[in-house]
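Trainee: Going by my numbering, the sequence shown opens with residue 228, and the numbers climb by one from there.
Derived from the structure by calculation, the hints contain no laboratory data.
Just so you know, not all the hints are guaranteed correct.
To be verified - Derived DEER-like restraints, expressed as beta-carbon distance ranges:
#1 Asp246 to Glu405: 37 to 47 Å
#2 Ala481 to Glu254: 19 to 29 Å
#3 His410 to Phe281: 25 to 35 Å
#4 His410 to Glu387: 22 to 32 Å
#5 Gly356 to Pro414: 20 to 30 Å
#6 Glu254 to Asp389: 38 to 48 Å
#7 Gly285 to Gly390: 39 to 49 Å
#8 His422 to Phe281: 36 to 46 Å
Cβ coordinates follow ideal geometry from the N, Cα and C atoms, glycine included.
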Amino acid sequence: MNVFGVDIGGSGIKGAPVDLERGELAEERFKVLTPHPATPEAVADGVQQVVEHFGWSGPVGATFPGVVTGGVTRSAANVHKSWIGTDAVSLLTSRLGGEAGGCEVTVLNDADAAGLAEMHFGAARGRMGTVIMLTLGTGIGSAVFTDGQLVANTELGHLELDGHDAETRASTRVKDEEDLSWHEWAPRLQKYLRHVEMLFTPELFVIGGGVSRKAHKFLPLIEGVRAEIVPAQLQNNAGIVGAAMAARRAFHPAAVAPAPGQDAGLGAADPRPGGPRDAAPAAGG
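All chains, please: the whole structure from these sequences, using the hints.
Mentor: Listed below in structure tokens is the structure:
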């Protein structure tokens with residue numbers, strides 16, 4: 228079964244149909260640059276461009292780089308502040324032709340989407356206990372799972388580190404802006420990981436975002452972290468896959484199948500328009 232996923236990031240908006248039997252993109256993804264300023268209307272234009280590139284008609288899952296509850300965006304660290312309080316589901320559904328056009332939309336936090344994909348198809352498949360997915364990019368996104376169940380909207384990139392938001396010290400954007408070498412950047416990431424580990428005691432960290440392709444350059448430099456640390460298997464496609472999973476779970480729940488050791492159902496989640504979308508979805512996709 229193919230479902231469309233869109234990943235809205237601080238630098239780019241990318242998407243593709245996803246084969247949810249294999250957890251892979253069914254077609255090569257299409258990407259446009261995130262507009263600046265990244266207002267709701269401007270970003271919706273970008274999402275529309277990505278979806279229409281494929282001539283897609285059907286359910287669409289979309290990620291957002293911030294807190295999402297009840298389809299409404301509640302924070303906006305790396306996009307325009309006018310996103311705060313925006314009904315993202317209504318905005319994107321309307322922009323994509325509405326339900327009459329076949330495009331029902333669900334929206335969730337971007338790191339939560341990436342985490343769902345990695346729990347079901349990737350580096351954390353079948354893992355129990357506490358697993359933390361961290362997406363390193365424009366900021367730092369986080370997804371926390373306990374025995375396969377997602378604790379939504381954790382936003383651990385905003386933990387305090389050296390008196391600042393952690394993402395202003397240890398994101399890959401900061402590495403690039405300050406022209407840090409891997410050996411200069413790794414201690415910052417290490418300090419952040421040790422702080423998160425002190426708070427949550429995870430068994431596993433999964434490192435995602437585009438930098439996961441270069442994990443061999445920095446993960447060997449990380450010391451003093453007891454938890455296992457692995458790169459995301461789906462790399463920078465995890466958000467697209469997770470968004471598609473959320474859309475299938477919302478609009479075709481009968482098609483959801485369990486992963487080994489994970490919950491087959493929605494659990495407390497129901498991200499359908501009009502449903503109780505504040506609850507966290509289960510990791511089974």
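Trainee: Evaluate each hint against the coordinates.
Mentor: Hint check:
1. Our hint of 37 to 47 Å for Asp246 and Glu405 holds, since their Cβ atoms are close to 39 Å apart.
2. Distance hint check: the CB atoms of Ala481 and Glu254 are about 25 Å apart, consistent with the given range 19 to 29 Å.
3. Our hint of 25 to 35 Å for His410 and Phe281 is violated, since their Cβ atoms are close to 42 Å apart.
4. Our hint of 22 to 32 Å for His410 and Glu387 holds, since their Cβ atoms are close to 25 Å apart.
5. Taking the beta carbon of each, Gly356 and Pro414 are about 27 Å apart, inside 20 to 30 Å as hinted.
6. At roughly 43 Å, the beta-carbon separation of Glu254 and Asp389 lies within the given 38 to 48 Å, and the hint holds.
7. Between Gly285 and Gly390 the C-beta distance comes to about 47 Å, which sits within the given range of 39 to 49 Å.
8. Range check, His422 to Phe281: about 41 Å between beta-carbon atoms, so the 36 to 46 Å window is met.
Checked against the numbered hints listed earlier, the structure breaks hint 3 alone; every other hint is satisfied.
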